[in-house]
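Residue numbers (our numbering), protein chains in the order written: chain A, 1 to 354; chain B, 355 to 708.
These are computed hints drawn from the structure, not numbers from a lab.
Wrong hints could be hidden among the right ones.
Restricting the straight-line Cα-Cα distance to at most 35 Å, the calculated cross-link-like pairs of lysine-lysine (DSBU-like) are [claimed, not checked]: (1) Lys450/B <-> Lys95/A; (2) Lys666/B <-> Lys55/A; (3) Lys92/A <-> Lys449/B; (4) Lys97/A <-> Lys119/A.
Next come the chains, spelled out residue by residue.
Protein chains: 2
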Amino acid sequence: MDRNHLSPSDFIGVQGKGIISFGSGQPDLPPPELVYRILPTYRDFRYGTVQGMPKLREALAREYPRSEAGNFVITNGASEALDLALRAIGNKPGKKKSLLLPRPYYYSYPPLARYAGMKPVYTQLVNGRIDFDDFEEKAHQCRAMLINSPSNPTGRVEAIPTLRKIEKIASDLGIYVISDEVYKDLIYVRENYLIQGPHVVTINSFSKTYAMCGLRVGYLWSLDREMVNDIIGMKSHTSMNTNILGQEMAYEATKVPKSLVNSQIKIWRERRDIIYDGLSALGLELWKPEGAFYVLPKVRRPRDFVWNMHKKYKVITYLGEWFGAPERVRFSYALDKEKIEEGLKRVKKYLESG
Amino acid sequence: MDRNHLSPSDFIGVQGKGIISFGSGQPDLPPPELVYRILPTYRDFRYGTVQGMPKLREALAREYPRSEAGNFVITNGASEALDLALRAIGNKPGKKKSLLLPRPYYYSYPPLARYAGMKPVYTQLVNGRIDFDDFEEKAHQCRAMLINSPSNPTGRVEAIPTLRKIEKIASDLGIYVISDEVYKDLIYVRENYLIQGPHVVTINSFSKTYAMCGLRVGYLWSLDREMVNDIIGMKSHTSMNTNILGQEMAYEATKVPKSLVNSQIKIWRERRDIIYDGLSALGLELWKPEGAFYVLPKVRRPRDFVWNMHKKYKVITYLGEWFGAPERVRFSYALDKEKIEEGLKRVKKYLESG
């Protein structure tokens with residue numbers, strides 16, 4: 001590990017005695033039992049259709065408006081859904097090659113844009129939310145925009161009027177919208193607002209809601225059938241069907257009662273309060289998370305903070321720089337409250353020491 | 355389904371009463387029991403490392419010369435390994451942007467090259483094998499070459515002296531070699547010859563050897579650590595870890611005795627003989643398969659053949675055109691011998707009818 005070239009892959013999956021990881025964004029809660037109850041007798045390991053298991057797509061269609069199974073593609077996590085959507089959009093003919101990205105952003109967005117031959121154009125968040133005037137001005141030069149509400153890393157949720165204005169401008173200008181809504185079931189302040197429109201591609205996942213991160217089952221939804229078909233054609237060469245057993249487990253997850261999902265919100269909100277109050281009490285400037293499970297406080301000398309917290313205090317945090325927020329560090333609070341509290345004690349010690 | 359725009363995705367996964375599918379390349383044999391014996395008690399669904407499960411990579415390292423776990427990346431099937439390798443090579447700086455491809459080729463190669471910003475340059479196979487003079491001449495203009503021995507769709511295996519010459523020219527010219535060896539355990543005529551060199555990326559898979567197609571676990575191996583690191587960096591954004599349960603099952607597969615794998619060769623050879631002798635007896639011109647499980651006979655009016663065999667005779671075959679062989683059709687003989695024989699009877703009827 002090199003102090004001057006830290007990256008998330010230095011920390012992903014790092015575990016060990018006494019380590020408290022506020023690093024990767026992974027629920028610590030176990031998946032619902034329904035999800036793995038099928039394992040003992042499962043036996044079909046043959047290719048599936050590239051678009052994804054029909055019964056899984058049919059189950060999803062019941063959750064989305066004006067939809068049928070044909071509007072979905074099941075992918076290797078939300079990551080592959082994003083990658084395929086960006087590549088498909090990047091391959092379209094046309095001069096505009098820019099992707100509008102609110103900043104701070106999830107760290108994979110800029111490289112995925114570049115891999116797809118698109119140039120990221122940033123609009124700076126103000127107080128953790130989209131500044132619509134700046135957003136609108138920059139949208140004109142872009143082929144697509146990427147929205148992520150609730151946001152990783154800010155934990156913020158966009159106001160519904162802002163999302164409505166984004167829908168309108170996208171539709172008026174004929175711009176693609178990629179809406180990464182993987183935290184749709186983890187909002188503390190309201191129901192999720194599903195962004196809609198003729199050229200919207202919504203990205204989602206079973207990872208966060210059902211604690212199935214390692215199984216890598218995500219999906220995309222779009223009413224733009226041409227886009228869906230482009231993506232299926234591409235996926236038939238780039239990865240073929242998504243792991244068939246993961247899809248079967250995701251199908252079981254669709255049967256989990258919503259009440260179970262909603263009951264977890266209570267746990268997440270309690271954790272949110274502990275970390276938000278704790279970091280605030282330490283004098284750090286931060287936005288109050290309204291969804292997902294991240295906080296992004298300002299700290300002095302963030303690289304020293306991340307390095308020393310890890311090396312001296314066995315606490316993993318992520319550099320805000322990776323997310324386009326160089327003055328900040330990211331904490332994921334997907335940990336039980338005892339660990340969050342212990343982690344906060346160590347942060348306090350560090351801050352007092354220097 | 356449109357007669358004039360047929361594609362493999364019209365046929366992948368198509369099953370039904372009375373249908374005989376010589377279509378997709380999927381073993382009909384079940385996976386070894388070892389592979390799924392872990393399912394009943396498996397419970398860890400968290401993120402894994404992007405590069406792949408260490409114990410799986412360590413097991414692979416014991417099968418490859420001069421290797422350690424760091425030389426491998428576990429991927430979503432061989433498809434993702436190919437896609438990542440091509441994208442990583444395509445992203446390197448330099449003027450040459452061409453990929454040398456022997457033709458007929460596996461149908462995903464040209465689109466994957468284009469998605470990666472590379473231009474396919476073809477060298478025509480002669481009697482199903484590489485014409486080294488033409489190959490060598492074209493290699494000079496290329497950044498990379500893609501070798502597939504045993505080949506899908508030809509079923510041919512390259513002569514070892516040819517492979518040695520390819521290793522030398524690649525090394526002399528500093529050209530990347532992608533060697534797709536997914537059929538390495540399905541060769542009737544000799545042991546596999548592992549192509550080696552400083553910039554070789556070998557693509558492999560658990561799909562064919564262990565009948566695990568739907569689980570999508572493949573891998574790549576390279577002694578070029580910079581390339582391996584580029585690919586891990588890319589995969590950390592494009593899909594993260596490969597399905598964790600699939601990897602665990604692949605690890606179990608590495609414990610399957612080689613004798614079991616080798617005993618399957620006998621079954622494949624018997625099938626090869628039935629289809630080769632059968633199609634030859636019908637007067638079709640074809641190359642004798644030496645590996646994999648495909649034959650690529652010449653037929654008159656291939657589109658009529660594929661369409662009518664499917665619609666009137668319930669036999670699925672693939673258009674040679676998809677593989678760069680417009681005068682031919684591809685049969686996969688991953689079927690039990692009774693089905694192969696029944697399929698051959700129907701082909702005979704069709705040929706006699708018109």
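When the hints from earlier in the document are held up against this structure, which numbers fail?
Of the numbered hints given earlier, the structure breaks none, since each of them holds.
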